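**Student:** Please dock the two separately framed chains into a single complex, following the hints provided.
Protein chains in written order, with the working numbering: chain Z, 1 to 87; chain R, 88 to 292.
Bear in mind the hints are in silico, worked out from the structure with no lab data behind them. Predicted, not measured: the structure shown is a model, and the values here were computed from it. Don't be surprised by glycine CBs; every beta carbon is placed ideally from N, CA and C.
20 Å max Cα-Cα, derived EDC-like pairs, lysine to aspartate or glutamate: (1) Z:LYS74 <-> R:GLU222; (2) R:LYS117 <-> R:GLU185; (3) Z:LYS50 <-> Z:GLU21; (4) R:LYS106 <-> R:GLU125; (5) R:LYS117 <-> Z:GLU21; (6) R:LYS288 <-> R:ASP146; (7) R:LYS288 <-> R:GLU154; (8) R:LYS117 <-> Z:ASP16; (9) R:LYS214 <-> R:ASP146.
To list a few chain R residues with every Cβ distance to chain Z over 10 Å, as calculated: (10) SER129; (11) LEU180; (12) ILE274.
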Amino acid sequence: MKNQHRLKSKEEVVPDNIINEFRRINLIPPNNLHLNFLNMAYKYFTAPLKSWPLKLFIPIAILITVLIYVFFGKLLVSLATYLQYGF
Amino acid sequence: MVFKFSPTFLLSEIIFFVKRFIGVFLYPYKTFRNIYLESSVSEFVFVAFAIAVYYLFTDHLRSNNYEPFILFAVTVLQLLLTVCFFLFFKLILNRDYELKTVSAINLFTYSLAPTLIWFYFNSALYKFLPPPRTESILGISFSIFFITITLILLFYKIILLYLAVRYTTGCNFFTIIYLISLYMILILPYILALYNFNFFKIPIL
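Only chain R is shown next, with the shape it has when bound in the complex (with noise of 0.2 Å):
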């Protein structure tokens, strides 16, 4: 794809990207085929533009202990591993399989909509309802609404992340449940490093 940086190019990847971000929660195995198969590196620099914009929202919201920078490098350099570490895979599993980079970034990145909107959506709330929930029925009735929500997004997120597996790998349903299975056990330690260094209680994954 040749750049082309004027105002209307960007306004057309705009719309374009708004677009498969919708796609992506009303027909996920669609929009997930399309992105396969037609992928630029703008759609990536939109989601890190997202992810940018969240560290800096919250360093406002609440005082993290490392500069938005840093947490939007590890973000992005874990979302960056976590493609390697399946297309490694792919190229073990799955040779014939076309290898395609800049979708199989593009599909990783995709899946994090659901956790970015959970991150926005809780980082909003604790703006406007901050924490700790009472046990009142109004209490019960927010913890039963977010809960709720929170699972929704989980649901797309499992969703996602399959879809993202199956289109960069190529695999079968056991195998990808297997890779999953192993970037899990992985990915834990991970986390518990990143929380125990004050990086983050949740990661953006």
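Looking at chain Z on its own, in the form it has when it is part of the complex (with noise of 0.2 Å):
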């Protein structure tokens, strides 16, 4: 009977990799900014980074290269020249 009520030890109830992945992802303690709210940017801007960014950067990157477009006009032709000799 008093082996049915025992409390189950912390690697019963979790299972070895869970337990590992957990071990990697604390592998260098979390960013502290020491400012609450920008503890809580820091979390909001960086968590979609962490997987895919490219669907956050593709639509950036086209808003800047239009406004670039829209504010400098033919300049951004001129960058592009540019940087294709930039090699």
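**Tutor:** Here it is, written out as structure tokens:
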């Protein structure tokens, strides 16, 4: 009877692979920016960058490029030409 | 890691490298964590090989002032100096954090991925659609496309450099920003010197 009511150890409740994954994730202590709102902002902005950041980068890059074209016009063409000689 | 240079070993290393190279773009945080935890010298060798191929390719495309081997040696040297710079600050600022030299080299090597892609992309475009661009609709469309790709790769470069410094030094966000700013201040005269001595217009950093 005693054995039936025994509390399960951490290893029995949580599988090894999950424990190992958490150890890997916590390899470096989380960033502390010393202010709560900064910590929240950091988490908010870095969350989408952790997997498939491309889906965030593509619209931002297109938006910036279009804004450059809207505000600076043909300068965009000069910039592209200059960069093409840059390799 | 024990090296056994058999075709099977080489093939498995290539598959492993390609998987990580793609992973850097899809899951940068997770991939960089894995690179920090387990790395081999062969990953650095593959990227070094890609850099060497790039210089040989561009040597045929545009006549460089220096031999491709010299440009390759300068690129590898600046990569190793970059790693040394951040490892030096890791030893000063965060002694408790585990020092993994091979992992640090590989982290900065993988952070070159967007730069290398940009240089390959740019040199291929130079061959098939040589500049200058015109102010026609096609020219403007191409410029928008080119600048968009450049910006996407620049964003990746920023994130990967940040992650490389984070996993190498184990420092927090603000310290990393200070370190990268210091690195930029030191590297700027070096870039100008390379430009003036006709080594590179834009170095592979």
